[in-house]
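Student: The residues making up each chain are set out below.
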Amino acid sequence: MKISFNVNKMGYYGDFGGAYIPEMMYSNIEELRSKYLDICSEKKFQSEFNELLKQYVGRPTPLYFAERLSKKYNTKIYLKREDLCHTGAHKINNTIGQILLAKRLGKSRIIAETGAGQHGVATATVCALMGIKCIVYMGEVDISRQAPNVARMKMLGAEVKPAISGSKTLKDATNEAIRDWINNPVDTHYIIGSVVGPHPYPDMVARFQSVIGDEVKKQLKELEGTKKPSYVIACVGGGSNAAGLFYPYLDDEKVKIICVEAAGKGIDTGMSAATSILGKEGIIHGAKTLLMQSTDGQITEPYSISAGLDYPGVGPMHANLFRTKRGEFISITDKEAMEWGLSLSRLEGIIPAIETSHAFAVLDKKKFKKDDILVFNCSGRGDKDLDTYIDYFKL
Amino acid sequence: MKISFNVNKMGYYGDFGGAYIPEMMYSNIEELRSKYLDICSEKKFQSEFNELLKQYVGRPTPLYFAERLSKKYNTKIYLKREDLCHTGAHKINNTIGQILLAKRLGKSRIIAETGAGQHGVATATVCALMGIKCIVYMGEVDISRQAPNVARMKMLGAEVKPAISGSKTLKDATNEAIRDWINNPVDTHYIIGSVVGPHPYPDMVARFQSVIGDEVKKQLKELEGTKKPSYVIACVGGGSNAAGLFYPYLDDEKVKIICVEAAGKGIDTGMSAATSILGKEGIIHGAKTLLMQSTDGQITEPYSISAGLDYPGVGPMHANLFRTKRGEFISITDKEAMEWGLSLSRLEGIIPAIETSHAFAVLDKKKFKKDDILVFNCSGRGDKDLDTYIDYFKL
Amino acid sequence: MNRINKVLETKKNILSIYFTAGYPNLDDTEKIINELSKSDVDMIEIGLPFSDPLADGPTIQKSSTIALKNGMNTENLFVQLKNIRNKTNIPLIIMGYFNPILQFGVEKFCKSCNDVGIDGMIIPDLPVDIYEKKYKPLFDKHGLLNMFLITPQTSDKRIKFIDKVSNGFIYMVSSFSITGAVNSFGFEQKNYFKRINKMNLKSKLLIGFGISNSSTFKDAIENSNGAIIGSAFINFLKENKIEDIGKFVQLIRG
Amino acid sequence: MNRINKVLETKKNILSIYFTAGYPNLDDTEKIINELSKSDVDMIEIGLPFSDPLADGPTIQKSSTIALKNGMNTENLFVQLKNIRNKTNIPLIIMGYFNPILQFGVEKFCKSCNDVGIDGMIIPDLPVDIYEKKYKPLFDKHGLLNMFLITPQTSDKRIKFIDKVSNGFIYMVSSFSITGAVNSFGFEQKNYFKRINKMNLKSKLLIGFGISNSSTFKDAIENSNGAIIGSAFINFLKENKIEDIGKFVQLIRG
Ligand SMILES: Cc1ncc(COP(=O)(O)O)c(C=O)c1O
Ligand SMILES: Cc1ncc(COP(=O)(O)O)c(C=O)c1O
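Chains as they are written, first to last, in numbering that gives the first Met the number 0: chain S, 0 to 394; chain D, 0 to 394; chain B, 0 to 253; chain H, 0 to 253.
Simulated from the structure, these hints should not be mistaken for laboratory data.
Idealized CB from N, CA, C, for every residue including glycine.
There may be inaccurate statements among the hints.
[Stated by the list, open to error] Within a straight-line C-alpha distance of at most 30 Å, the following computed DSBU-like cross-link-like pairs (lysine-lysine) qualify:
#1 H:Lys133 with S:Lys1
#2 D:Lys160 with B:Lys203
#3 B:Lys61 with D:Lys167
#4 S:Lys368 with S:Lys334
#5 D:Lys220 with S:Lys220
#6 D:Lys42 with S:Lys255
#7 D:Lys43 with S:Lys220
#8 D:Lys167 with D:Lys220
#9 D:Lys70 with S:Lys132
#10 B:Lys163 with B:Lys203
#11 H:Lys107 with S:Lys279
#12 D:Lys220 with S:Lys42
#13 S:Lys368 with D:Lys53
#14 D:Lys53 with S:Lys216
#15 S:Lys167 with H:Lys61
#16 S:Lys160 with D:Lys334
#17 H:Lys159 with H:Lys217
#18 S:Lys334 with D:Lys334
#19 D:Lys324 with B:Lys133
#20 S:Lys217 with D:Lys216
#21 S:Lys226 with D:Lys132
#22 S:Lys8 with H:Lys110
#23 S:Lys34 with H:Lys159
#24 H:Lys159 with S:Lys279
#25 S:Lys226 with S:Lys216
#26 S:Lys42 with D:Lys216
#27 S:Lys70 with D:Lys153
[As the list claims (entries may be wrong)] Footprint (simulated), chain D over chain S, 3 or more residues, beta carbon under 8 Å:
#28 50-63
#29 122-131
#30 338-352
#31 356-370
#32 377-389
Using the sequences and the accompanying hints, generate a full structural model.
Tutor: Next comes the structure, spelled out in C-alpha cells:
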C-alpha cells in the first residue's frame with residue numbers, strides 16, 4: 000500500500016503528532032476528537048462554512064498569474080491570494096470553521112493565541128460575527144511589533160492579554176492560552192491558529208485550510224489546463240497556510256512541496272526559527288514533532304523578524320514531510336525576506352506580510368524551469384508589518 | 000422622453016459637469032474625451048480590465064447579508080464588500096481602468112491626488128504592477144492622519160509629495176496634481192480618484208466603478224430573486240463609490256438612492272464637509288457642481304474626521320441627484336460615524352473605513368421597513384484609520 | 000476703440016505687468032496701478048485673488064492667499080477701482096478664476112468692469128468654447144475683450160479657432176511650466192514661438208509665464224508683440240517699496 | 000514494597016510537598032529534601048524544571064525559570080540526588096514534563112531514577128493512554144510508580160481506567176484552577192471530592208492544586224488520603240530560610 004502523508008486514525012503523521020496533554024485538557028480534547036469529523040461532515044455545517052467563506056471571507060481568492068515576476072525568473076509563477084481574505088490572511092478560513100464547531104459544542108467563550116496578530120484578529124472577527132466573548136493571548140514582544148493588529152482586536156471587542164513569560168512571543172502566548180483552557184474547561188473553546196497542538200487540532204485546522212488547495216486545483220485547471228502545479232510553495236510558522244495549499248497534493252508526489260522557514264539572522268547565529276533544520280523530535284504544546292530545543296529538552300526561544308514564524312516548533316504534518324523528504328525545506332533570513340517584501344511590492348503591487356515574503360525568497364535559492372508552474376501561497380498582506388518595513392528600509 | 004440621471008453627450012448631468020479647465024490642460028482632457036469611450040469599449044481593453052479585476056483585485060466582491068445588523072434594525076441589510084478589494088477599498092476599480100487607458104495613450108508617468116490615501120495606494124499599486132513611475136500628491140494634514148497609507152505608497156515605490164497650501168487636505172492635493180499635469184502635459188496621465196474634475200473624468204470614473212452596481216444586480220438576483228434593492232446607500236466624498244453602486248439604478252426610480260455626506264462637527268459649526276446641503280453651484284477642479292464656498296466664491300476649507308470625505312465639492316452626478324431630488328442626502332457627524340465604526344466592528348466583525356462608517360449611520364436616521372432591501376456600499380476597510388479609532392475611543 | 004486694441008495696434012515690445020489685488024496690503028491696488036502707469040509699462044493685469052488658483056505657480060498662489068487674508072474680494076476690488084480712470088488711461092485687464100465671477104454674477108461682473116473702466120479679462124478656467132457659446136454677448140455688450148491662452152500643446156486648428164474668437168491679444172504660454180520665473184528660454188520654446196508666428200494669426204501675441212528679467216523679456220519680444228510678467232513682479236513687491244516699481248520696469252526693459 | 004505504597008498504606012492525612020529543583024539556588028535540592036524529611040511531611044515531589052510548564056501556575060513557572068537560569072538540568076539533578084538515600088527514606092517523586100525526559104531518554108531516565116532511589120513520577124503531559132501503551136514496562140522494570148491526574152471533568156469511565164493503570168496514588172486536581180494557592184474550597188469542589196470517594200477506587204487519592212494553608216489542607220484530607228502543596232511552598236521558599244521549613248509544615252498541619 001502506498002504510504003500517505005496525511006494523518007492516520009491515531010492522530011499521527013508518521014512518527015509525529017498525537018496528543019501529549021495534561022489530564023486537565025483531556026475532556027476538551029477528547030470531546031473535539033470524538034466529534035470533529037462528524038460535525039465537519041454534517042451537510043448543514045458544510046453549507047454554513049462554505050457560505051461564510053464565500054459571502055464573508057470573500058472566497059474563492061484569486062489564483063493570480065504574476066506576469067512581471069514570471070518574466071524576471073523565466074518560469075510560471077502563480078500567487079494564491081490569501082492576502083485578499085477578510086482580515087488579510089488565510090487564518091480566517093480556520094477560525095470560521097472553528098467558531099461554527101464551537102457553537103455546536105455549546106461553548107460561550109473563545110480563547111486564542113496569536114503571534115503576528117493575524118490569527119488573533121481572525122478569531123476576534125468571527126467572535127464579533129457570532130456575538131461570542133473572545134480573549135486573545137499575545138506575547139508582549141509581539142504586542143509591540145504588531146500594533147495595528149492589537150488595535151484591530153480591540154476594535155472588534157476582544158480582550159488582548161499579554162504573555163510575559165519566556166521569549167514573550169508565540170510559544171508563550173500558546174502556553175498562556177492552554178493554561179486558560181485548563182482553568183476554564185467547561186464553557187471555553189480554544190481556537191488554535193495553526194496546524195500545531197494535540198490531535199485533532201493539526202488535522203482539523205488542515206482540513207479547514209484545505210479550501211486553499213482545493214481552489215488552486217480548480218483554478219489551475221482553468222488557467223493552465225492541469226490541476227497539478229510543478230511546485231507548491233509556502234512559508235511555515237506552525238504550518239497552516241502551507242498545509243492548506245499542500246492538502247490535496249500531499250499524496251501526489253508529482254507535485255513537489257517546498258516549505259520555507261525563517262532563518263532569522265542565519266541558522267548558525269542562535270537567532271533563528273528554522274525548526275526543521277535546527278530542531279529535534281520532541282513534544283511541544285501537546286504534539287510530538289520537530290522543535291528547537293537544548294540537549295536537555297528545554298525549548299529554545301526562537302527568533303525571526305516575522306512574528307508569525309517566530310515559533311520553535313512546526314506542525315506534525317510538516318515534521319513528517321521533512322523526515323520523509325516529501326517536502327523540501329529551505330530557510331530564509333530576515334534580510335532576504337525583507338528584501339522580497341519590497342520586491343513583490345514594487346514588481347506586482349502586492350505588499351506581502353513578512354511571513355509571506357519568506358516564501359518568495361525561494362526564487363533566489365533554486366533554479367526553476369521555464370515550463371514549471373509554481374504556486375506560491377500569498378498567505379497574508381503586509382499592512383500589519385508596515386512599521387517594520389519602513390524602519391528597515393528607512394523609507 | 001424620460002429624463003436620464005446619467006451624463007449627456009456634452010459631459011453634463013443636468014446643470015452640472017462640463018470642463019472648466021485652463022487651456023494648459025486642454026490637450027490632455029480633449030485627448031481623453033475623444034478617446035475614452037472608444038478605448039473602453041475595445042474588446043481587448045474590456046477583457047484586460049475584467050481579467051485584472053478578477054485575478055488581481057479579487058472581484059466579484061461578496062454581497063454579504065449582515066444578519067446581526069439586519070436583526071437589530073428589523074430590515075434586510077446587505078453589504079457590498081469593496082473592503083475586500085486588493086488594497087482595501089473600491090478605489091482600485093478605477094485605477095485599474097485608468098492605468099490601462101494611460102498605457103494605450105502612451106503615457107509613462109502617472110500622477111494622482113489622494114485624501115485618505117486609498118486612491119494613492121490604489122494608484123501606486125497599479126503603477127507598480129505596470130512598472131510605471133508614480134507621483135502622489137497628498138495634503139500635509141492627511142499625510143499625518145493616514146500614516147499607514149503613506150507607508151504603503153512608499154513600499155510600492157511611489158513618491159508622495161505633500162500639498163502645503165490651503166487646508167492641506169484633498170482639495171489642495173488636487174490643485175497640486177493639476178499643476179503637475181499642466182507642467183507635464185506630454186508624458187503624464189493624471190489618475191483622478193473620484194467622479195470629480197472636468198468631463199470626461201466623472202463619467203469615466205463612474206463607468207470603471209459601475210462594476211460594483213453591476214455585480215450587486217446579479218448577486219441580489221441570486222440571493223433575493225430580484226435585481227432591485229429598495230435602497231442603495233453610500234458615503235459621498237467625491238462620490239465614486241456611490242456612483243459605482245448607483246450606476247445601473249440611476250434611471251430606475253423604484254430603487255431609492257441615499258447619499259451620505261460628512262457633517263463633521265455639525266453642519267452649523269463651520270467644521271463640516273456636507274457639500275450638498277452647505278454648497279452652492281460653482282466651479283471646482285474643472286467641473287460645475289455644488290461646492291462649499293463663501294458668498295464671494297472662495298472655496299471653503301472643509302472639515303471631516305474622515306480624510307476621504309474632507310472635500311468641499313461633490314461630483315456633478317451627485318449634484319444633479321441632489322438638485323433633482325433623485326437622491327436623498329443625509330449628513331452624519333464625526334461622532335455618529337465613529338460610533339458606527341465601532342458598532343460594525345463589534346456586530347459584524349468588519350472594521351470599516353471611517354468614510355464607510357458614515358453610510359451605516361443612516362440606520363439611526365431613517366426608519367426602514369421589514370421587507371426593505373438595503374444595499375450599503377462597504378467602500379473600504381478601516382486599517383488605515385486604526386489610530387484615529389483607538390485615539391477616539393481610548394481603546 | 001478699446002484701450003487694449005489701441006496699445007496692440009500702436010506699440011511694439013509691449014510690456015504687461017500682473018499683480019494680485021490686495022497684495023502686499025489690502026489697499027495697495029491703486030498705488031500699484033499708479034506707479035505702473037508712470038513707468039514704461041503698456042498694460043496692467045489686476046489679479047482677482049482666488050482660494051484655489053490651480054493654473055498658478057507658488058508665488059502667485061501665496062500672494063493670493065495673503066490678499067484674501069487681507070480681506071480682498073470682488074466687491075472690494077470694484078470699490079478700489081472706482082476712480083481709477085481719473086488717474087490713468089493705461090489698459091486694465093482683470094485676471095481671475097471663473098468661480099468668484101460666477102458667484103458675483105457674470106452679467107453684474109461685466110457691468111461693474113465697464114463702470115470702473117476695465118478693458119478686458121483673462122479667465123484661465125473659462126475655456127474659449129464655453130465662453131463663445133454662453134458668455135460672449137455679455138462681454139461684448141459691456142465692451143470687454145476676453146483674452147485666451149495657447150500653449151505648446153494647443154493644436155493649430157484650435158489656435159485658429161481661438162484666433163477667430165479673440166478680439167484682444169492671445170496669451171501665449173511660454174512653456175509647460177507654471178512654476179514661475181525662469182532665467183532663459185530653451186530651444187523648444189523658441190521653436191514653438193516660431194511655429195506660432197508662421198501661422199499669421201489676426202490676433203497679436205503676448206508671451207507670458209516665466210518672463211523674469213531683461214534676457215527672457217528680450218527673447219519674448221523677439222518672437223511676439225510683447226510679454227507679460229507676473230511672478231517676478233510679485234517677488235519684487237515682496238521685497239521692495241511700491242515707489243521703486245519704476246526701477247523694476249527699467250531693469251526688465253534692459 | 001515501593002516507599003510510596005508503604006506510606007499510602009500506613010498513613011492517613013498524608014502531606015506531600017512539591018518544590019522545584021534548583022530553586023531558589025542551584026544546590027538547594029539536598030538541603031530542602033533533608034529539611035522536609037525532618038519535618039512532618041510524608042512525601043516529596045521534586046520538580047524537574049521545564050521551560051514551558053503549561054500545566055503550572057505563575058508561581059511554579061517563575062521558580063522553573065529561575066532554576067533553569069541557575070543551571071539546573073536533568074543530568075545535574077541526578078548528580079545532586081546521588082547520595083540522597085544515605086540521608087532519608089521518605090518517598091521521592093520526580094515531577095517533570097515529558098520533553099526533557101524524552102531527550103534524556105526514557106529508559107535512561109527510569110534507570111537513573113532507580114539508581115538514586117526515586118520512587119515514582121508525575122509527568123503531567125504524558126497521558127495515561129500513551130503511558131500504558133508505550134512506557135509502562137520501562138517504569139515497572141525500574142520499580143517506578145507513575146501517578147496520574149484526574150479533574151472534575153474526568154469521566155467516571157476514564158477514572159476507572161486510570162485507577163486500573165495506576166499503581167501509586169491518583170492525583171486529584173482540586174479544581175479547574177492552576178492559578179496557584181487559594182484560601183478555601185468551594186461547594187463545587189467538595190461535591191467533586193465526594194463523587195470520587197463514592198467510586199470506591201483501588202488507588203489512594205491525594206488532592207493537589209490550591210492547597211495553601213491549614214484550612215484548605217483540612218478540607219482536602221477530609222475528602223481524601225492526603226494533599227499536595229506546591230505553589231504555597233514555593234512562595235514560602237521565596238521569602239524564608241530553608242531551615243524554617245519545619246515551621247511551614249507545622250502551620251499547614253495546623
Ligand atoms: C500572513 C501569515 N502567513 C503565515 C503565517 C504563519 O502561520 P502558518 O505557518 O500557520 O501559516 C502567519 C502567522 O501569523 C501569517 O500571519
Ligand atoms: C474607503 C473610502 N470610502 C469612500 C471614499 C470617498 O470617496 P468617493 O466618494 O469617491 O467614493 C474614500 C476616499 O478616499 C475611501 O477611501
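Student: Next step is simple, just say for each hint if it's right about the structure.
Tutor: Verification of the supplied hints:
no. : hint                   : in the structure
1   : H:Lys133 with S:Lys1   : holds (26 Å)
2   : D:Lys160 with B:Lys203 : violated (39 Å)
3   : B:Lys61 with D:Lys167  : holds (14 Å)
4   : S:Lys368 with S:Lys334 : holds (26 Å)
5   : D:Lys220 with S:Lys220 : holds (29 Å)
6   : D:Lys42 with S:Lys255  : violated (38 Å)
7   : D:Lys43 with S:Lys220  : holds (23 Å)
8   : D:Lys167 with D:Lys220 : violated (44 Å)
9   : D:Lys70 with S:Lys132  : holds (19 Å)
10  : B:Lys163 with B:Lys203 : holds (12 Å)
11  : H:Lys107 with S:Lys279 : holds (18 Å)
12  : D:Lys220 with S:Lys42  : holds (25 Å)
13  : S:Lys368 with D:Lys53  : holds (27 Å)
14  : D:Lys53 with S:Lys216  : holds (17 Å)
15  : S:Lys167 with H:Lys61  : holds (14 Å)
16  : S:Lys160 with D:Lys334 : holds (29 Å)
17  : H:Lys159 with H:Lys217 : holds (26 Å)
18  : S:Lys334 with D:Lys334 : violated (44 Å)
19  : D:Lys324 with B:Lys133 : holds (27 Å)
20  : S:Lys217 with D:Lys216 : holds (26 Å)
21  : S:Lys226 with D:Lys132 : violated (37 Å)
22  : S:Lys8 with H:Lys110   : violated (33 Å)
23  : S:Lys34 with H:Lys159  : holds (23 Å)
24  : H:Lys159 with S:Lys279 : violated (36 Å)
25  : S:Lys226 with S:Lys216 : holds (5 Å)
26  : S:Lys42 with D:Lys216  : holds (29 Å)
27  : S:Lys70 with D:Lys153  : holds (24 Å)
28  : 50-63                  : holds (count 8)
29  : 122-131                : holds (count 7)
30  : 338-352                : holds (count 9)
31  : 356-370                : violated (count 0)
32  : 377-389                : holds (count 6)
In this structure, the hints that do not hold are numbers 2, 6, 8, 18, 21, 22, 24, 31, in rising order.
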